[in-house]
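Student: Just so you know, the sequences run in chain order E and V.
Here the first sequence is numbered in the numbering used here, starting from 1 and rising by one per residue.
Here the second sequence is numbered in the numbering used here, starting from 528 and rising by one per residue.
Read the hints as simulated data drawn from the structure, not as lab findings.
Mixed in with the good hints there might be a few duds.
[What the hints assert, rightly or not] Here are the computed lysine-lysine pairs in the DSS-like style, where the Cα-Cα straight-line distance is at most 25 Å: (1) E:Lys128 x V:Lys648; (2) E:Lys442 x E:Lys238; (3) V:Lys599 x E:Lys517; (4) E:Lys15 x E:Lys2; (5) V:Lys784 x E:Lys293; (6) E:Lys238 x V:Lys733; (7) V:Lys733 x V:Lys761; (8) E:Lys293 x V:Lys599.
[To be verified] Chain V is nowhere near these chain E residues, computed Cβ spacing over 10 Å in every case: (9) Leu145; (10) Arg231; (11) Ala463.
[What the hints assert, rightly or not] Covered stretches of chain E, as calculated for chain V (at least 3 residues, CB under 8 Å): (12) 151 to 159; (13) 370 to 384.
All residues carry an ideal CB built from backbone N, CA and C; glycine is no exception.
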Amino acid sequence: VKITIDGRSLEAHEKESVLSCAVRNDISIPRLCTHPNLKPFGACRMCVVEIEGMRGYPSSCSTPAVDGMVVHSNTEALQELRHSVLELILLEHPASCLLCARQETCDSFRPQASKAGRTTGCHTCGSKAVCNVRSLAEEFNITQLPVPPTYRQLPLDRSDPFIDRDPNLCILCGRCVGICMEHHGVQIIDFVGRGSDTRIGTAFGRPLAEVNCRFCGSCIDVCPTGSLADRYAKWFGKPSESVETSCMLCEAACAIRVGASGQGGMVTAISVNPGIPICLLGRFGIPELLASKGRLTVPKMRVGEVLREVTWEQAIAEAAARLAAFVGDQFALVCDTSSTLEDRQVFERFTREVMKSPHYIEIQPNDRGVSQAPLPAGVKAALLTGAFVADDALDNLDILVVQDIYPTVASERADVVLPVAVFTEVDGSWLDGSGIRRPLHKACKTPGRARPEWQVTAELGRAMDATDFEFEDALAIGERIDVPMAGIWVDRDTTPAAALNPAMRRTHFRGHCLADKIRGLQDLSDV
Amino acid sequence: MFEIIEKREIAPNNHEIVLRAPAIARKALAGQFVILMVDERSERVPYTLCDWDAEAETITLVVQEVGQSSRKLILLNAGDSVDHLTGPLGDPIEIGNFGTVTLAGGCYGVGAVLCIARAMKAAGNQVITIVEARSHYLHYYRERLEAASDELIQTTIDGSEGLRGHAVDAIRAKLEAGDKLDRVIAIGCPFMMMLVAEETRPHEVKTLVALNPIMLDGTGMCGACRVTIGDETKFACVDGPFFDAHQVDWRELANRKAAYSHEETESVAHTGAIRIK
């Protein structure tokens, strides 16, 4: 299909929209409601164009290119029209900060948005840095509005798990409605009401959990304003860096993009592929699970009755000295598959070569992520990497070393506690449910003084005079693993089971109950 | 326990809270503040007294939801109680016949200038009250401020009502018109007060601001609220809250207020769904 846009002869694909053809050829047309993952909707009227022989101003997103079509994308009339359309949008979107003459002074004096309940301007909006309305208003250099704006004073909805909704910021672009239909084939949210009372909501205003929302978060990811927001992440600001890695919360190993703040703390984890939703644990749970204050952050050893904070050198020396008396089958190391393949390789070698014990126990969690194993009879010393062993089994131990991410009954009773970095905090790899080796990339800082697991165990091994226990990094260990490395699973075309069926979702990670760490899970079960 | 008698959202995100606090209502003077703890584990937050009624035994605060503690407070309703309330704290504003007194209020400060306007007017001053907001729908207390002042000027940064700009722009217009301002008192966020201070400095207009750093005990013991005035360290709770605006180290004040911003964000982030009974 041959069309002409602004005097340029272009080749459009069969059934391609005028907008898509223009954008593909670097012709910029302003747009708001359109989104790469969505069918054209034509709601916002920002992408209007003139087409010779056609009446009025059709929206380029919803007009298919037809052979011989002559399109003008940037006439004076169009500029004026788009300007007016944007003004109308701004009249119902709290935008006064955009019109403020002191924006720059304000931003430099107080760069952080204030954590307001009701957002009444960009300075009180968690989505300031990513707002499409804001960027368009800047592009159009809108400095005043023709009439006073309206604030609708609709009630905020902060009662759902994970998601905050502020209908007062909504511009009715319909992206959220579209992505919900696209992903789930059902309309969990839709346009409600008519005319100027139209808003986005659920049937009869029922809570999201009651209308079968799966909390995939895609509606938030496509929202051009702060109307739909990730409750946990919204005030941390736009992540300054993002890294793609694999999710370890179940064997689907979805590709996730982890965003970290300037200080390196994890802020968000979202699906790498916006076309495929991930489960609520992957979309909402990871930052809260790993970036929480409750993490183990410092090495400790038992001095008399109490666990005392010590240096890594002291903790490793203490663990080495105490374990040395239990070389042989009195020792067991218990881990599960939430440690990377590289970690587990070092664990296994430590158990067999350094501790000379047959009891390397690697638990495959059950389908809810629960990892439990009994300690073999006669074991008097153990190294546990999570809450895997029944509390009463700990009574029979003479020495207990725990390397974990959260305090547990075991860590409270341990002789040495070693804080470790896991999952989004480390490089490495692990096997998904089909046995494909998926890479893990360090995407955020490690909490406190925590170290990668392989590093901790390797140091312990060296402190016990192990030979050939020097490893440069996880990559070097990984080279000895006899499974080819695939990429992260970006090109997935099916929704993971855990995203469709709550009964397939993990309840535990590394022996820790997820609902204890992730606030939204508690809200979900309270519904 | 202190009972909430009345609570309403007087402008988006601005909540007027009337509490039963007989002892405070009997003693309160314009410019003083209270420290409030919503529950046993909440922060101690200073709030400026906007109004009080000794007979009805009530005090009135204007609270903006800007974080965990203020959120806890605005989610309460009439009939609920807050755990602790201490006050009146701080030195009241100096009341006298100064001539023309200009009051500038922004955010919660719009409510806070109300009682000062009344007291200044009663002392024989010409009272000009300037209140700023982002947009017309964020203005509140219009009638009450009008009644308490000789002139009320509203500003909005989007120009939707009154003068376009901030309170400082109204002050600038007055100064440029050659109006004699004998005293300016500004209450609001540090940004707003700083702008006012910079404007009046070259005109040598005596300007007082109510500083609002993080406070703990409010009685001069802990030092959490220290501010630098000229080359002296002062405690905003007992030496203030009013200080000479031209002597304030604004950058330090803003930095000190932001000292726990990461913890504040974390606290809000880990708070789950809000389900109103």
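Student: All hints, please: hold or fail.
Tutor: Evaluation of the provided hints:
1. E:Lys128 x V:Lys648: violated (42 Å)
2. E:Lys442 x E:Lys238: holds (19 Å)
3. V:Lys599 x E:Lys517: Given pair Lys599 of chain V, Lys517 of chain E holds - Cα atoms ~22 Å apart, limit 25 Å.
4. E:Lys15 x E:Lys2: Holds, at roughly 12 Å.
5. V:Lys784 x E:Lys293: holds (22 Å)
6. E:Lys238 x V:Lys733: Outside the cut-off at roughly 42 Å; violated.
7. V:Lys733 x V:Lys761: Between Lys733 of chain V and Lys761 of chain V the Cα gap is close to 19 Å, so the pair holds against 25 Å.
8. E:Lys293 x V:Lys599: OK: Lys293 of chain E and Lys599 of chain V at ~21 Å, within 25 Å.
9. Leu145: The claim breaks: Leu145 of chain E does not keep its Cβ more than 10 Å from every Cβ of chain V (closest is about 6 Å).
10. Arg231: violated (7 Å)
11. Ala463: Check passes; 36 Å lies beyond 10 Å.
12. 151 to 159: Three-residue rule met by the stretch 151 to 159 of chain E, so holds; n is 4.
13. 370 to 384: violated (count 0)
In the structure shown, a violation is registered for the earlier hints numbered 1, 6, 9, 10, 13, in ascending order.
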